[in-house]
Amino acid sequence: MTKLSEIIGQAAALTVLKSALPPGKPVNSYLFVGPEGVGKRTAALAFANALFCQSSINNDACEANDACGICVPCVKMKGGSFPDFKFIKPTIHKNKTKEEINIEDIRELIASLAYKPYEAERKIVILDGVDQMNTQAANAFLKTLEEPPGDTILILIAANLNTQLPTIISRCQIIRFRPVPFGEMTRFLMEQRGMDENQARLASALSKGSPGMADMFKDDEKVRAEAIGMLESSLSASVGALYNIAHTLDKKANRKRADRLLPALQELIRDMLVVKLAGKYDNLINKDIAVDIEKAARNYSVRELFKSYDLADEMISARKWNINPLLVMSLLLMEMREK
Amino acid sequence: MEFTISRDEFFKALQHAQGVVSSKGQMPILANALIETEGSGVTIFSTNLDIGLRGSHEAKVSSPGKVSVQAKKLHDIVRELPSEDILVKVDDDGRCRLTCGKSKFNLATINPDEFPAFPDYDQSRLIGLDAGMLAEMIKKTSFAISQDETRMTLNGALFEVSKTKVRMVATDGHRLAYVEREGAFGVSEDMKVIIARKAISELSRLIGEADGSLKFCLQDNHIIFVSDSMVLAIRLIEGAYPNYEQVIPKSFDREATIDTSEFVHSLRRVATLADEKSHMIRLSFSSDKLELISEGGEIGEAKDEMAVQFQGDDVTIGLNVEYVLDLLNILDDGNVVFKMQDQLSPVMAQPPDDAGLIFIIMPMRL
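Protein chains in written order, with this note's numbering: chain A, 2 to 340; chain B, 331 to 696.
Not one of these hints is a red herring.
Quick look at which bits of chain B chain A covers, simulated, 3 or more residues with Cβ under 8 Å: (1) 441-447; (2) 473-482; (3) 562-575.
Bear in mind the hints are in silico, worked out from the structure with no lab data behind them.
Computed from a predicted structure; not experimentally measured.
Ideal placement from N, C-alpha and C gives every residue a C-beta, glycine not left out.
Using the sequences plus the hints, can you model the full thing?
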């Protein structure tokens, strides 16, 4: 679990949070606000962990103002089994199509908060994605938010302050999170993630200030290699073999990979188009493998590539609707094969 | 870790353990039971965080240790095994292996250190309590515990202990049940805790299996009940119980003594035509006579009459017939005394010879 001290680019937020650790006193309700991916959830978890940590409770000088990572509460937090901690996020409820925090979630939360803490001094609840809490649930939650039972601390996480009910905002201390500045992110990627300066600057620029997104660039190379492999197979392999490729990506553990492969494939198709139409390498995304791209492009006509590009687009949005990867990938691969 | 346990002993233990596990929710480990060797036996601990149960069982321990495995699966396996000895062994690879005759099972485990700690309690602070008495107190109050989960403080029974008295109180806002019993409880300070409805029923189960005596103590946020072989840890409800003493009237202008079983029969007859939503019936007390009337609107009306001893001016009171039946249900045969002030004040019911037992019902507007 990331510690408070390992969070980058959120100095203002961290100052407030650290001052709430012993001997300071946290307030009952926090609202973490900021764009997606800048570290709100990570900070909320680290903050909860630090509040539970034995060393922070005993206020040992060595690990003051952060979690120690080795005491019983820290180990249990890491394992996701700390009894006085609850993490609530939007889920797709029965007969619904989009993710939501609904009134059932809130009722369940209220019922569980009625009990005194199990082993800690207080209970802590993180509600991630309160943007997706429906109005009914929000209203049911107000009383708890105003007076959390016992010493319970509620940490709400939202991307946008404007979409929150004023009744929610007025009950919370607002902690703002900002995109991590370019320089700080570049330094972080070089020092902590071992990127060279060029890589780091590029990843930092593309990450939109989100450390999580920057991290993804680290293994981008692997994803691209896989996408090239797939492209090659789509030309030579049998229909059955292509089905098998799609099938492995449908496995639950591989779904995330499928979601990254699709854009990578689309980028390759785009580069092939550029090579074919412009005949130059200047504007390629995958400039470093321009020769391979040109070679691959010879197998397709411009029309085919346009068609495939559009199809990839469609498939990417299909994945957003949770259409299964087997269907999406096999459709795309078959299409590329048939041309 | 390795031990041998008889199938029947193991099965009984797992039946208990299985009853309190929680299979849904964020903590997969709560679906597990923690089995730990202890001297010349094993303890089995399971919890859903609100209720934790730990039993001690005889077993032949050949090497000490602890393991956490899915309680339900283990229970299902042991249920199907013949009445022989079962060898339980945990290997270095973290798998739990069960051998019984020619049957072999291999179960996944979760790191036992992640298991919620059983609330530590100080043996020397345990206070003795008559199990039969506690059972009676639960029986006479638990029916009045609120079902409304939005008011959790009422969703349990109040358990109060002082040096010489123990009390249990339950209310749902419309009615209240109160039992007070005497004894010598060496508590250093008065204790006042709320025990959740679900925990009350688990406690009843524990009492059912305890032989006569039970011990208990308060430990931080838990109340611990200890019988011969089991320990039940109940997480307390947060918040203050409403001031129930305010609701119990102190003086009355009217008093009726009614035969319980005759009253029940009469109420049941009249209840058939009581309004289906409000369950209201009218009780008209006059000297020596009680009239019971229900008005079911379009369906019809019912009227019954019985002899009672009544002191005071005539009065008609509207009550929820279900509430009256609920409380008569748990009273022994004989008489029940209804004490009233006026039409809109709380009605108090008591057995004539037991001042420690009080029921209150709020009347309905006629």
